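*Asks:* For reference, the chains in residue letters:
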Amino acid sequence: MTTIATETERKLASAVERMPAFPKSVQRILELTRDINCAPKELVSVIEKDPVMTVKILQVINSAYYNMPSRIHSVGQSVVYLGLNTVKNLALTFAAVGMLPRFSSDGFDMQEYLLHSLTTAGIARQFVAAYAKGEVDPGDCYIAGLLHDFGKAVFAQFMPEEFSRALHESSQNGTPLHIAETEILGADHAFVGGLLVAKLKFPDPMVECIRNHHSPDFPPNAMMDCVRVANQVSRKLGLGKSGSRWTDTEPVAAPGRFGESFDVIIENLGDIDKIVADAQTFAQLGAAG
Amino acid sequence: MKIRFWGVRGSIPSPSPRTVRYGGNTTCIEVRTDNNTLLVLDAGTGIFQLAQTLLREMPLQTHVLLSHTHWDHIQGLPFFTPLFVPNNSVHLLGPHDVVTGTGVEKALQVQLQYSYFPVREAEMKADIRYTTIPPESPFAIGDATITAVMLNHAVVNLGYRIDCNGKSLFFTGDHEPHANIYDPTDAEYSDYQALIDEKQAAILKIIQGVDVLIADSAYTAAEYPRRKGWGHGTFDSSIQLGVRAGAKKVFCTHHEPTRSDDDLEAALAEALARNNLPPGGPEIQLAREGLEIVL
Numbered sequence: 001m002t003t004i005a006t007e008t009e010r011k012l013a014s015a016v017e018r019m020p021a022f023p024k025s026v027q028r029i030l031e032l033t034r035d036i037n038c039a040p041k042e043l044v045s046v047i048e049k050d051p052v053m054t055v056k057i058l059q060v061i062n063s064a065y066y067n068m069p070s071r072i073h074s075v076g077q078s079v080v081y082l083g084l085n086t087v088k089n090l091a092l093t094f095a096a097v098g099m100l101p102r103f104s105s106d107g108f109d110m111q112e113y114l115l116h117s118l119t120t121a122g123i124a125r126q127f128v129a130a131y132a133k134g135e136v137d138p139g140d141c142y143i144a145g146l147l148h149d150f151g152k153a154v155f156a157q158f159m160p161e162e163f164s165r166a167l168h169e170s171s172q173n174g175t176p177l178h179i180a181e182t183e184i185l186g187a188d189h190a191f192v193g194g195l196l197v198a199k200l201k202f203p204d205p206m207v208e209c210i211r212n213h214h215s216p217d218f219p220p221n222a223m224m225d226c227v228r229v230a231n232q233v234s235r236k237l238g239l240g241k242s243g244s245r246w247t248d249t250e251p252v253a254a255p256g257r258f259g260e261s262f263d264v265i266i267e268n269l270g271d272i273d274k275i276v277a278d279a280q281t282f283a284q285l286g287a288a289g
Numbered sequence: 290m291k292i293r294f295w296g297v298r299g300s301i302p303s304p305s306p307r308t309v310r311y312g313g314n315t316t317c318i319e320v321r322t323d324n325n326t327l328l329v330l331d332a333g334t335g336i337f338q339l340a341q342t343l344l345r346e347m348p349l350q351t352h353v354l355l356s357h358t359h360w361d362h363i364q365g366l367p368f369f370t371p372l373f374v375p376n377n378s379v380h381l382l383g384p385h386d387v388v389t390g391t392g393v394e395k396a397l398q399v400q401l402q403y404s405y406f407p408v409r410e411a412e413m414k415a416d417i418r419y420t421t422i423p424p425e426s427p428f429a430i431g432d433a434t435i436t437a438v439m440l441n442h443a444v445v446n447l448g449y450r451i452d453c454n455g456k457s458l459f460f461t462g463d464h465e466p467h468a469n470i471y472d473p474t475d476a477e478y479s480d481y482q483a484l485i486d487e488k489q490a491a492i493l494k495i496i497q498g499v500d501v502l503i504a505d506s507a508y509t510a511a512e513y514p515r516r517k518g519w520g521h522g523t524f525d526s527s528i529q530l531g532v533r534a535g536a537k538k539v540f541c542t543h544h545e546p547t548r549s550d551d552d553l554e555a556a557l558a559e560a561l562a563r564n565n566l567p568p569g570g571p572e573i574q575l576a577r578e579g580l581e582i583v584l
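The listed protein sequences derive, respectively, from chains H and E. Just so we're aligned, residue 1 is where the first sequence starts under the numbering used here, counting upward by one. Just so we're aligned, residue 290 is where the second sequence starts under the numbering used here, counting upward by one.
Chain E with its partners taken away, still in its complex shape (with noise of 0.2 angstroms):
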């Protein structure tokens, strides 16, 4: 299995030389199977860059997964070329949307309104098949198995893990770890603990052994007090995740927008500092654009 990051950026592209290194494009991941399978976690403005490289592969079937559906992870769906390209096969899968009951279809639905761009879905070429993924059903495409797991975000966001051939991955999307709403002197706050503790159980029986960690780790222990509730985890939280999880690499992503190079390194060398790796704890990296893993 292959791994390439084409966005790694929270919020809003943020191109600029100060971030030229670690790359101004926001969330996109090509995962590529063992027998080729193309699977594109998130289309956030990465996408484009990403799409640039599959012409040569056309006629081309991609299952493209969203874990949800805030900008930053589907500004690039309308410019991602496949979906122009006759005979091609687009795949689009993710969450229900609660709110307004409706599948992920209507993602891009709402993304072709001609006030906002100026093909209709009608015009789109390539075969468009949408797919609305129940939590914690294991499901193949290809020769992967995927396992979606309902996180903590503004909007119900999906974390998935991708099997191959004994190999694994999992994204968080945008996650923020659990907290309890009550005070500990509040009668309710030993209730809510225990249903976080369960779902925190439930989420790290799905990530428990990957080889590759991607996790929300938008904010600095810092920053994070007033931004607490935002829906996004910080790079302590990553960190302690991938620990808990035996997870074999993290690399952390969701980079904030107004975050330098020099910044993000500094960021994540504060956390490591504060944060002892056990024995053979895993690897901790920053997602940078254009990164490529293979496992």
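The following block holds chain H by itself, in its conformation from the complex (with noise of 0.2 angstroms):
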């Protein structure tokens, strides 16, 4: 069992090596990189937006040839180690594989993916300090949640004819497309998201909340409960699309940390315009694809 993993995590790592950057990213990272003093900050903003950049930015930096002390988990702590220049010459290394398709598997669209995805982190960072306060980092919220559907994109790039079956399944039977998945394609999104950043040793509580947001009986953590409801919350206001729907059936996945009511927990959430707007503005939602 343990070789299969090994080998299905060996050839996942080099399928994501090979995978393009979302299109908004590609384009701001040629734009920045030629100013030769352009904002540093401004840089990392647009490598953070990026679940593919941003995936590919913690490979390096994280690869056994650098011997980290401890497990590098974002993009600043990237920065501080590799150096800017490093990461902006990563960036354009990145860049210049292209960019990822708006449809590469019918049935599934890359920008709605890319805002559900960003708000999702959003939204999850936000929760820390009204639900999760001192329990867990927001910065490792916001991977976690950018990265939580990101088996979906790997799905959609390299098994898009399965992925757009599994799809097709879940909309006209009900079926959750997370079992869908596994009948389909023999492994669901969250599995292959978990073993990807298992594989980059991300620290337990992030790969636990990624491989097992669709397990409803895994112990929760406080990452893990944060992570839910934004993707619920994110589904519910319809930002973006996840591939599965949203029915207003569905309980709060976390209760006992936030109460039973979406409209209550919307509430505390406050203001979370910046969030849908520069999210929206990075998914670039309406551009031709």
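One thing to keep in mind: the hints can contain errors.
[What the hints assert, rightly or not] Taking beta-carbon pairs under 7 angstroms as the criterion, some of the chain H residues facing chain E (in silico):
1. Lys-41
2. Asn-67
3. Ser-70
4. Gly-83
Bear in mind the hints are in silico, worked out from the structure with no lab data behind them. Owing to the predicted nature of the structure, the values given are computational and were not obtained by experimental measurement. Every residue gets a Cβ at the ideal spot worked out from N, C-alpha and C, and that includes glycine.
Please dock the two separately framed chains into a single complex, following the hints provided.
*Replies:* Structure, rendered in structure tokens:
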């Protein structure tokens, strides 16, 4: 079993290396790096919004060569360790791979996926202050939210036909997408995303959060609670599309921490206009794909 | 342990009557351990002069540690005469190249492309070995222990600590102290600062208590604001690093190619006047081509 998992992890990591980044980040990286004095924080902000670039940077910094004393799981940390110019040039090499097409897999819109991931990430980070203060790092919640559905992007890019069938099965018959994925692709997006971040040696709560966000029986932790409920709020508010349909009968995933009313949760969340506006700008909704 | 500077200039060789006292060659430092193991820190143009003195020691074993692969730190490598002589052993060590994903062997391979240099690596007679060094994993060469640490430059740059029988030196290669990329009013400022503080503490731990600190001091405090982010330190940052690390001596190096000998001395004097050294604090000097330090 271990050998199979290791082989799958290796293939997955190599697939991600070949994966193009999102159009907006490619375009912004090319624009920003034309100016030798570009603001470093703008560069970081672009990379942080792109799940592909984020995973690629973290793959590099966490490679065995750098022998990091502790695992690096944020773009900011990568900049401190590798240096801004190195990160800038890495981002340029990622940009050179090309741009992720909007539709690799019939029925899956990468822009909508990105909008869902970005809003889940932003909301999960914002939840920490009200619901999990001191229990979890808000930046870790952001990364977990950004990457919780990364497995779907990998499926869309590398197994487009099978993934399309899973999407179709889910939308036609109401089968939850992760169940349809397991039936058709042999594993669900959570498992694939979890394998990938496990290879990056992310801290256990982050790996568990991504791997088990569709496993209601898995013992929850603060990060998983925040990401699961952020995922629900993003879907309920129609902020992008995750591929999983929202139904109003869906109960709050972590009632112990969040209570049972989405109305109250959304009210307590406060202003998320900036999160949504930033995500929409970045995901370029409405632009030609 | 003996240390000798063969090149102290940054960026590009700058021979001139105005640089004759401190020298115009780019970075190269010879280190001889107590049992005469030869370690060479960086292969700037100064390595050619060093090579001339090695002819009488052949066949020899030498270890060249590259801080990084910018031209001014590798430019002399193809002219390192021991590479051409049979029975010599040249061990080239340096960092992994993040952007290309290649090891230190790339440095010499790129330089020896036929358009740029007439001798191919295969035609070099010495036994050439390469080791890509992982950071913060001490290893031994002869009677020396070497610890590399990633510093802050435009490419991955390793600073090297060399310990031998209770004596030690640290060479930064090219290094700019980390700076917060956020404004103090940004939400991300404090988290980023905590990361910097952690990294700087890790660097300081490795430099702690060295007898000799050789540090990138390319700029004056007045020049720095316009060169921020270029990956180099200042006289002030080197002095402060020496104080914090409890170094006994600090040698400021990577002199700007346009800076004359007189200007160099004036720049250091000005920085010393601005930075009060604590009692027993480090002795601060300019690195000078030909200067030998015996520990």
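*Asks:* For every hint, state whether the structure bears it out.
*Replies:* Hint check results:
With a cut of 7 angstroms, the hint placing H/Lys-41 at the interface with chain E holds, because the nearest CB-to-CB distance is about 5 angstroms. A least Cβ separation of about 4 angstroms between H/Asn-67 and chain E falls short of the 7 angstroms threshold, and the interface hint therefore holds. Taking 7 angstroms as the C-beta contact cut-off toward chain E, the hint placing H/Ser-70 at the interface is violated, the least distance being around 9 angstroms. At its closest, the beta carbon of H/Gly-83 sits 5 angstroms from a beta carbon of chain E; the interface hint therefore holds under the 7 angstroms criterion.
Checked against the numbered hints given earlier, the structure breaks only hint 3 and satisfies all the rest.
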